[in-house]
Each structure stands twice: as structure tokens, then as C-alpha cells.
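Enquirer: So the sequence lines, in the order shown, correspond to chains A and B.
Going by full-length UniProt numbering, the residue at position 193 of the first sequence is 193; the numbering climbs one at a time, nothing skipped.
Going by full-length UniProt numbering, the residue at position 332 of the second sequence is 332; the numbering climbs one at a time, nothing skipped.
Bear in mind the hints are in silico, worked out from the structure with no lab data behind them.
Don't take each hint at face value.
Per the computed footprint, the stretches of chain A lying under chain B, defined by three or more beta-carbons under 8 Å from a beta-carbon of chain B, are [what the hints assert, rightly or not]:
#1 23-32
#2 81-90
#3 205-211
Every residue, glycine too, gets a C-beta built ideally from N, C-alpha and C.
Now for the letters of each chain:
Protein chains: 2
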Amino acid sequence: MTSRIILNAFDMTCVTHQNPGLWRHPDNRADRYNTLEYWTDLARTLERGRFDAVFIADVVGLYDVYRGTAAASFLDADQVPVNDPLLQVPAMAAVTERLGFGVTVAVTYEQPYLLARRFSTLDHLTGGRIGINVVTSYLDSAARNLGLRRQVDHDRRYDLADEFLDVVYKLWEGSWEDGAVVKDPERGVYTDPAKVHPIGHSGEFYEVPGIHLTEPSPQRTPVIYQAGASSRGRDFASKHGEALFIIATSPEQARGITDDIRDRAEAQGRRRDSVKILTLLTVITGATDEEAQATYDELAAHASLEGGLALAGGWTGIDFSTLDPDVPLEYVDNDSLRSVLAMFTTADPTRRWTPRDVAGYLAIGGLGKVVVGGAETVADELERWIEVGGLDGFNLAYAITPGTFEDFVDHVVPELQRRGRVWQDYPAESDGTLRAHLLDAPTGLVPDEHPAARYRGAFADGASAADGTSPSPFSDARDPLAAAPRAESLVNP
Amino acid sequence: MTSRIILNAFDMTCVTHQNPGLWRHPDNRADRYNTLEYWTDLARTLERGRFDAVFIADVVGLYDVYRGTAAASFLDADQVPVNDPLLQVPAMAAVTERLGFGVTVAVTYEQPYLLARRFSTLDHLTGGRIGINVVTSYLDSAARNLGLRRQVDHDRRYDLADEFLDVVYKLWEGSWEDGAVVKDPERGVYTDPAKVHPIGHSGEFYEVPGIHLTEPSPQRTPVIYQAGASSRGRDFASKHGEALFIIATSPEQARGITDDIRDRAEAQGRRRDSVKILTLLTVITGATDEEAQATYDELAAHASLEGGLALAGGWTGIDFSTLDPDVPLEYVDNDSLRSVLAMFTTADPTRRWTPRDVAGYLAIGGLGKVVVGGAETVADELERWIEVGGLDGFNLAYAITPGTFEDFVDHVVPELQRRGRVWQDYPAESDGTLRAHLLDAPTGLVPDEHPAARYRGAFADGASAADGTSPSPFSDARDPLAAAPRAESLVNP
Numbered sequence: 001m002t003s004r005i006i007l008n009a010f011d012m013t014c015v016t017h018q019n020p021g022l023w024r025h026p027d028n029r030a031d032r033y034n035t036l037e038y039w040t041d042l043a044r045t046l047e048r049g050r051f052d053a054v055f056i057a058d059v060v061g062l063y064d065v066y067r068g069t070a071a072a073s074f075l076d077a078d079q080v081p082v083n084d085p086l087l088q089v090p091a092m093a094a095v096t097e098r099l100g101f102g103v104t105v106a107v108t109y110e111q112p113y114l115l116a117r118r119f120s121t122l123d124h125l126t127g128g129r130i131g132i133n134v135v136t137s138y139l140d141s142a143a144r145n146l147g148l149r150r151q152v153d154h155d156r157r158y159d160l161a162d163e164f165l166d167v168v169y170k171l172w173e174g175s176w177e178d179g180a181v182v183k184d185p186e187r188g189v190y191t192d193p194a195k196v197h198p199i200g201h202s203g204e205f206y207e208v209p210g211i212h213l214t215e216p217s218p219q220r221t222p223v224i225y226q227a228g229a230s231s232r233g234r235d236f237a238s239k240h241g242e243a244l245f246i247i248a249t250s251p252e253q254a255r256g257i258t259d260d261i262r263d264r265a266e267a268q269g270r271r272r273d274s275v276k277i278l279t280l281l282t283v284i285t286g287a288t289d290e291e292a293q294a295t296y297d298e299l300a301a302h303a304s305l306e307g308g309l310a311l312a313g314g315w316t317g318i319d320f321s322t323l324d325p326d327v328p329l330e331y332v333d334n335d336s337l338r339s340v341l342a343m344f345t346t347a348d349p350t351r352r353w354t355p356r357d358v359a360g361y362l363a364i365g366g367l368g369k370v371v372v373g374g375a376e377t378v379a380d381e382l383e384r385w386i387e388v389g390g391l392d393g394f395n396l397a398y399a400i401t402p403g404t405f406e407d408f409v410d411h412v413v414p415e416l417q418r419r420g421r422v423w424q425d426y427p428a429e430s431d432g433t434l435r436a437h438l439l440d441a442p443t444g445l446v447p448d449e450h451p452a453a454r455y456r457g458a459f460a461d462g463a464s465a466a467d468g469t470s471p472s473p474f475s476d477a478r479d480p481l482a483a484a485p486r487a488e489s490l491v492n493p
Numbered sequence: 001m002t003s004r005i006i007l008n009a010f011d012m013t014c015v016t017h018q019n020p021g022l023w024r025h026p027d028n029r030a031d032r033y034n035t036l037e038y039w040t041d042l043a044r045t046l047e048r049g050r051f052d053a054v055f056i057a058d059v060v061g062l063y064d065v066y067r068g069t070a071a072a073s074f075l076d077a078d079q080v081p082v083n084d085p086l087l088q089v090p091a092m093a094a095v096t097e098r099l100g101f102g103v104t105v106a107v108t109y110e111q112p113y114l115l116a117r118r119f120s121t122l123d124h125l126t127g128g129r130i131g132i133n134v135v136t137s138y139l140d141s142a143a144r145n146l147g148l149r150r151q152v153d154h155d156r157r158y159d160l161a162d163e164f165l166d167v168v169y170k171l172w173e174g175s176w177e178d179g180a181v182v183k184d185p186e187r188g189v190y191t192d193p194a195k196v197h198p199i200g201h202s203g204e205f206y207e208v209p210g211i212h213l214t215e216p217s218p219q220r221t222p223v224i225y226q227a228g229a230s231s232r233g234r235d236f237a238s239k240h241g242e243a244l245f246i247i248a249t250s251p252e253q254a255r256g257i258t259d260d261i262r263d264r265a266e267a268q269g270r271r272r273d274s275v276k277i278l279t280l281l282t283v284i285t286g287a288t289d290e291e292a293q294a295t296y297d298e299l300a301a302h303a304s305l306e307g308g309l310a311l312a313g314g315w316t317g318i319d320f321s322t323l324d325p326d327v328p329l330e331y332v333d334n335d336s337l338r339s340v341l342a343m344f345t346t347a348d349p350t351r352r353w354t355p356r357d358v359a360g361y362l363a364i365g366g367l368g369k370v371v372v373g374g375a376e377t378v379a380d381e382l383e384r385w386i387e388v389g390g391l392d393g394f395n396l397a398y399a400i401t402p403g404t405f406e407d408f409v410d411h412v413v414p415e416l417q418r419r420g421r422v423w424q425d426y427p428a429e430s431d432g433t434l435r436a437h438l439l440d441a442p443t444g445l446v447p448d449e450h451p452a453a454r455y456r457g458a459f460a461d462g463a464s465a466a467d468g469t470s471p472s473p474f475s476d477a478r479d480p481l482a483a484a485p486r487a488e489s490l491v492n493p
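With the sequences and hints as input, model every part of the structure.
Expert: Next comes the structure, spelled out in C-alpha cells:
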């Protein structure tokens with residue numbers, strides 16, 4: 001039986017996401033990121049292509065390692081200027097019915113109490129089509145503008161993120177019981193106060209004693225997206241993540257990563273297939289292989305050396321301006337550089353990688369691989385990645401937007417549909433939520449083995465209040481109120 | 001010459017905003033606050049009625065003074081559950097062209113760096129139709145969930161809000177020069193780094209050294225809405241506010257407030273008419289006076305005593321459950337109650353106000369007055385408020401939604417248009433921004449005398465850097481980059 005391939009579009013509310021220099025391509029409309037129309041048009045295209053979701057990255061901060069300044073990133077609009085990643089989502093949801101939306105949030109700078117409300121609101125407004133990617137951000141320049149001297153240490157950031165998720169899980173899953181919202185005008189009860197519970201959270205980083213401000217949304221907990229390359233990050237992702245992004249330079253390399261992630265998920269009591277793993281990829285396609293190659297060559301001509309090295313500087317912490325762009329990295333005596341080099345040599349071990357090569361590699365789709373070809377060639381290659389890599393799908397970046405996505409939908413999707421790899425239509429039997437179709441979860445709720453699930457009913461009357469909270473402070477006051485007459489003419493103009 | 005009347009709709013992302021008990025009315029659709037359709041339908045209705053804007057209130061916290069519990073507010077859905085106030089705005093903007101959107105933010109719980117980005121993003125996506133209401137929130141239950149023991153002191157909150165606005169003004173007005181975004185593919189310059197400046201803010205409450213993350217939006221600084229009843233609050237509002245909300249129980253009382261606000265604005269170097277003042281009002285109308293009165297009586301029958309006293313408890317800090325609902329307040333020996341009483345006795349001095357009367361008063365439109373009648377009766381009364389009260393317009397609350405707004409648009413707006421008080425259409429000559437039509441500001445930017453304006457160009461090269469920042473750290477690196485060849489084929493698949 002051939003399995004379905006999950007399609008996720010990767011974008012960011014900025015001009016240059018993973019394609020330094022390509023803003024100069026005449027067909028790139030990325031500078032329309034400031035308009036609602038760019039986003040609503042894109043949403044319609046992706047839904048036409050039966051994508052599971054569009055994912056919006058976010059980076060709060062500047063790429064200022066290269067030359068010790070952000071100048072090069074300004075010239076190529078490398079992830080700056082950058083808008084808030086949430087605010088175009090409601091407009092995209094208004095013009096679609098089933099497309100999901102993943103959004104990045106750097107928990108390091110957010111209050112869980114307000115963030116939980118924000119995502120519950122999005123989940124309500126979209127009818128349960130929201131996912132969240134919890135990141136622990138990596139740029140010092142962001143921290144400094146949020147009142148911190150520098151980033152929290154890497155491992156401590158994961159401790160903080162763990163507690164952050166604990167708080168929002170409690171709010172999303174445990175604060176409002178099913179059936180708390182009654183809407184009974186006869187009895188005069190909109191919400192039954194006895195079914196709303198404070199979460200009583202008191203931890204190392206956060207104090208959140210109260211109730212969730214919103215009523216339960218279709219999914220309660222949004223689909224948890226994750227990406228994590230380090231061992232600590234991969235543990236975190238294997239614990240919380242339902243859809244995981246990875247980066248690999250070959251299907252074989254991907255297999256090592258997917259096996260490791262599924263092992264870790266299993267070690268945490270989750271099913272191996274409860275985690276959907278998507279690898280970063282960019283597809284350049286056309287009516288034929290030749291047309292695709294011509295498109296690729298024309299795109300490649302717009303790559304920017306310094307824009308690429310500016311991004312690479314932010315991702316690695318290495319100032320590439322101090323290196324000769326044409327001297328292979330292997331001759332440099334530097335541990336960080338050796339790990340960068342290792343990443344690239346797996347992409348092409350026959351090659352001696354220079355900074356110029358690195359910038360070139362990044363210029364279409366960042367650290368992910370590029371697949372070039374007509375529909376059949378691309379479909380063959382995607383199937384090979386899925387089978388060999390043990391993958392569930394792809395996180396598709398663009399070279400130019402919306403062109404790269406439109407080409408994929410027009411050429412590759414019909415071929416994948418013919419092969420039974422992509423839906424002809426979204427499954428009618430699912431409840432319309434993102435979790436239902438992305439994770440085969442008919443109810444739209446997190447599965448029992450997910451860490452969020454243990455807070456279901458955790459704060460209700462009679463529950464073993466795990467956190468020592470006294471349940472239902474509202475219930476005492478309820479009976480006299482319910483007994484009181486509710487409809488009286490009281491108004492005086 | 002008759003002046004135009006500004007129309008602002010007052011709503012909140014919850015079920016019961018200022019109408020405790022009226023969720024039980026069969027025509028009230030307020031429980032659809034969770035859907036995009038409620039908001040997009042409302043936006044279309046208001047634009048049809050040539051409203052200047054819709055304003056979204058927000059309260060983070062519970063009304064838990066009454067009986068020492070939030071139970072009564074749950075029963076009547078008094079501002080709980082409550083969604084995030086920003087997230088429906090992009091969808092409303094997508095279906096309208098000129099309607100403006102004001103949104104409330106409690107600065108006490110936000111980071112100015114991220115909040116500035118959020119509102120710049122909204123201003124971009126809406127084409128400059130955004131306003132912001134900076135509030136210093138008043139409920140202890142909110143503070144506790146955001147890691148504070150209790151609210152910051154009242155006057156300190158205004159100090160904090162003052163500095164907060166200072167930071168975001170710097171980001172919005174001073175960080176990016178006009179013309180910083182070049183988009184020149186030939187020269188390879190998307191943004192000219194020499195025209196982007198860090199704001200170098202270091203104050204009592206906030207450290208924000210960096211640049212604004214977004215490029216300049218149509219209005220740069222969103223229209224500043226304000227409401228403030230205390231003397232300190234009114235000074236703050238007179239300094240920053242461009243559109244001010246007041247509450248008065250009569251046009252004569254309104255006049256005292258509007259004169260005072262304009263005096264204070266003038267004392268701060270602003271023009272008396274640079275502040276547009278809108279009073280809270282609810283209009284119940286119909287085809288005739290009789291029909292309107294019948295509608296009113298039917299609405300009033302759904303008021304809730306305890307829902308009203310729960311809201312009143314949150315607003316005043318008084319637990320009305322300790323009082324006999326039918327004993328006039330004048331017999332109670334309590335300073336807070338005397339000031340509540342003073343508010344109501346100006347509404348009707350002939351009456352002996354009981355807690356039951358107070359709840360009844362609040363049940364349609366909260367503390368604002370209710371005007372009942374057919375189109376001509378209402379238009380006459382609105383004109384009287386404008387002339388006697390020295391007002392610029394109205395902040396219109398609903399009894400039921402969208403019914404109250406639809407009735408106003410269908411009956412009253414045509415009559416006001418006949419009288420030259422409301423536009424037949426939005427002015428074509430303005431640039432489409434909210435500030436352009438609300439404040440007769442053709443450029444859409446804050447006027448020179450507004451406190452935000454002093455940061456225009458404040459951080460540019462050669463400017464007298466008011467805050468001692470060294471301008472343009474990015475400019476040094478620019479020349480070599482600009483001279484480098486920009487178009488090279490770099491990409492390798």
C-alpha cells in the first residue's frame with residue numbers, strides 16, 4: 001500500500017526567507033509579504049494543491065555576525081524586515097476551508113497566559129486548523145531588545161520551553177471541562193462555573209494560578225510542530241512534537257534521523273508513527289525536465305554571495321567575511337567550521353566546499369536539498385526520499401514566491417495524485433481540523449499518550465489534583481445563583 | 001456649517017460586553033464571537049454605514065469581586081470567555097476597504113519590542129487602518145497570572161505606559177527613515193542599511209537598544225485611542241490620545257469633560273481640535289419611535305441583576321452582594337459607594353438609586369446612556385449631544401449584536417446622511433488610512449505636535465541624537481558591499 005505524502009509549505013512574513021538574492025528575480029513577489037492579498041492568494045493555491053498546511057517561520061532579531069553588522073542582511077532583505085507571523089493567518093483562513101496553519105513562537109519572550117489565549121483564539125477562528133512551533137530563539141540581538149543581556153543558555157532554554165508547554169497544556173486541556181459552555185437561556189447559564197478550573201501552576205519560571213480565558217477550541221491544544229537538531233532539542237521534539245521538521249542532504253541521512261526520532265518517541269511512551277516527520281526540500285519543476293533545469297539555471301543566476309554568508313553567519317555563529325570565499329573550508333582550523341563542513345560534505349562528499357559554495361547551496365531553499373525536474377522525475381525522487389528516508393512528507397521552501405508553489409501545484413501535485421500519494425480532495429470524514437487530517441486523529445484532540453493529554457480533567461472536582469490545587473472555587477457560589485430568578489425587567493434609560 | 005459626526009462601533013471578542021443578561025435574547029448572535037463570519041459580517045455592515053472604525057475592547061482577567069468569586073460573570077458570560085482582540089482584524093480588513101480598527105492592549109503585560117512589530121504588521125496588512133488603545137489594566141486577577149503579585153500602583157502604571165509609548169514611538173517613527181526600502185535589483189539593494197537606525201532606548205522600565213523589525217507602515221504610528229477618567233489618566237490621554245473615549249450621563253456633563261480635555265491638550269502644545277472626543281452611547285431604534293420603544297422594552301426584559309452587579313463589582317471594587325439590592329445607595333456609609341452614587345445621580349438626580357437600579361442601568365450599554373427612538377428622534381438627540389457636549393462623535397455599544405448595529409445603519413445613518421452629518425461615501429481624496437479620514441490628516445502620519453513626531457529622523461546620521469545613541473552602525477559596511485558584484489551564479493543542487 002502506498003502511503004500518503006504530507007505536503008507542508010514553508011514561508012515567512014519577510015522578503016527573503018531561505019533564498020538570499022532571489023528577491024531580485026523579476027517573477028519573485030516576495031515583496032508583497034506586507035499585503036493581505038499575497039497571503040490569501042497563496043492560501044488558495046495551496047488548498048487547490050491539497051497541502052496539509054502552510055508553516056510560517058519567525059526570527060526575532062538580526063543576522064549580524066557577518067562582518068559584525070547586519071548590513072548585508074539588509075541589502076538582501078535576509079529575514080529583515082520581518083512582520084509578526086500570526087496576523088495574516090485569519091485572512092488566509094477566511095478564504096480556505098481545510099488548509100492548516102503552523103506558526104512559530106519564541107517562547108523565550110512570551111507570557112504563557114496570553115500566548116495560550118492567542119492560539120486558542122486562532123484555533124476557534126480557523127475551526128481548528130492551527131499548529132504551533134515552539135522555538136527557543138537563537139539570536140542574541142533579539143534577547144537584548146527584550147530586556148535580557150544575552151540568550152538564556154541552550155539547555156536552560158529547553159527547560160524553560162518544557163515548563164512553558166506544561167503551562168499552556170494545563171490551560172488548553174485542563175481548565176475548561178467539556179460541556180462547561182451550556183448556553184441555556186432558560187436556566188440563565190452561559191458557562192457552568194463549576195466546570196471551569198484554575199490550573200494552579202507554580203513552577204521554576206512561571207506562576208499561573210488562574211483559569212484559561214477562552215472556552216475550549218476545536219483542537220484544544222494546537223498541533224505541536226517541532227524542529228530540533230541537537231540531542232536535547234531532539235528529545236524535546238520527540239516528547240512534544242506531532243509534526244517534526246528535519247533537514248537532511250540525502251534520503252540515507254534522513255533515515256538516520258527519522259529512526260532516531262522514532263526511537264526517542266517510543267522511549268517516551270508514544271507510538272513510532274504518532275510523529276509525522278517532514279524534511280526540508282525545494283522543488284524546481286516545469287512541463288519537462290529541460291524546462292525545469294532552465295528555470296533552475298535562471299533562478300540560480302540571482303543568488304547573492306554576501307546575503308548567503310550573512311544567513312550562514314547567523315545560523316553557525318561564524319563570520320565568513322574573515323575567510324577567503326574561494327578557499328576550501330577543510331583547510332581552516334576551527335571546530336565550528338568543521339561541523340559546518342561535515343554538514344556540507346554529506347551533501348556532496350566529492351566536493352571541496354568553499355564559503356562561495358556554501359552561499360550558493362543556501363541560495364535556493366537554505367540548508368535543504370533542491371530537486372529539479374518535470375513532474376515524473378520529481379515524483380520519483382520524492383517517493384525515493386519517503387521510502388529510503390522513512391519520512392512522512394516534505395516541508396517545501398520556495399526559490400521565488402508564489403511561483404515555486406504554483407509550479408509545484410500545477411505540475412507535481414497532479415502526478416502525485418495519480419500515484420495515490422496526495423488526496424484528490426481532503427477527507428470528508430475527518431472533522432475539518434488540522435490534527436484530524438495531518439495525524440489521522442478523528443476527534444481533532446491530542447492522542448492519549450501525548451504529554452498534553454494528562455491534563456484532561458486533571459483539575460475537575462474529585463480529580464486527583466496533580467498540582468495540589470483545590471478544584472472549583474466557583475462551584476460554591478453556583479447553587480444560590482441558579483435558584484435565583486433570572487429574567488427581570490431592570491433597564492432604565 | 002454642520003460638522004461631521006464620527007461613528008465608532010464598540011465591541012469585544014466575548015459574549016457579553018456591556019449588556020449583562022442580554023445573551024439570552026433570541027436575536028443576540030454574540031455567541032458567534034468565536035467565528036470569522038461574525039466579524040466579517042459586522043465589518044461589512046459598519047462599512048455600509050460609513051463608520052470610521054470598529055473598536056475592540058479587551059480585559060485580561062475576571063470579574064471576581066461580586067461574592068468574592070467569578071461565578072456570576074461565568075453564568076452571564078460577562079467578558080469571559082474572552083478571545084485575543086487582534087486576530088479577527090485581518091479577516092475584517094480583507095472584506096472592507098476603508099473601515100478602521102482600534103484594538104486595546106494592556107501595556108502592563110507586553111514587550112514594546114514585539115508589540116511594535118505586531119501593530120506595524122497590522123498597519124501594513126490593513127493599508128493603514130489601525131488604531132491602538134493603550135490601557136493600564138485594572139484587574140488583580142490578570143496581574144497574578146502574569147507573574148505579578150498584584151497590579152502595579154495606579155500612578156506608576158501611567159509612568160510605565162508613558163515609557164512604553166516612548167519606546168514604540170521611537171521604533172515606529174525613528175528607526176527607519178523614509179526611503180530606507182529601495183528595492184533596486186540592479187544595485188542589489190533591498191534596504192539601504194544606512195537609513196535604518198537603532199533607537200538606543202534605555203529607561204526606567206525598558207531596555208530596547210535595537211532597530212524596529214518592520215519597515216515603515218502607512219501610518220507608522222497607529223492612531224492612538226485613549227480613555228482615562230482619573231486626572232492622571234486624563235493628562236495621559238490629552239498628551240497621547242488622538243481619539244478619546246469618554247462616558248457621560250448627559251450632554252452637559254460631557255461638556256465639562258470635553259472642555260477639560262481640550263484645555264489639557266492645549267497645555268501640552270496641541271491644537272484643541274487635534275483630539276477627537278467620542279462618548280459612549282447605545283442607540284435602540286426602529287422604523288418609528290413606537291417600534292423603537294417596543295424593541296427597547298423587549299431587550300430590557302432580558303437584563304440580569306447579578307450579571308450587572310458582577311460587572312459593577314469589577315469596575316468599582318465594591319462587592320454589591322453585601323448590600324440589599326433594593327435599598328438606595330445613599331444610606332450606605334462608604335466612600336467608594338458615594339462616588340458610584342454620584343455618577344448615577346447625575347444620570348437621574350430625581351431618583352434614589354438602588355443596586356438593582358444600577359444593574360438595570362448597566363444592562364444596555366454599560367455606563368453609557370441609551371437613546372431610544374425612530375431615526376429623526378435619534379438624529380435630533382445625537383445632534384444635541386454633539387452641540388451641547390462639545391463632542392466629535394460616538395462610541396456606539398450594542399444591546400444585541402449585530403442587531404443593534406444593523407438597526408442603526410439601516411435607520412439612523414440615512415437620516416444623518418440627509419443632514420450632512422455622515423458621509424455618503426468615505427472621502428476619495430484621503431489616502432485610505434484611518435488617520436486620514438478620522439483626523440483630517442492627509443498624509444496619514446501623526447501631526448507635528450504629537451509626542452510621537454519628535455522621533456522623526458531623530459536617530460539619522462547627523463541628527464542631534466536625543467538619547468545619545470551613535471547613529472548608523474550599519475553604514476560603514478555598506479560601501480564595499482555596494483561595490484561588490486551582486487549577480488553571480490552560485491547555486492549548486
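Enquirer: Does each hint fit the structure? Answer for all of them.
Expert: The hints, checked one at a time:
no. : hint    : result
1   : 23-32   : holds (count 4)
2   : 81-90   : holds (count 9)
3   : 205-211 : holds (count 6)
In the structure shown, no violation is registered for any of the earlier numbered hints.
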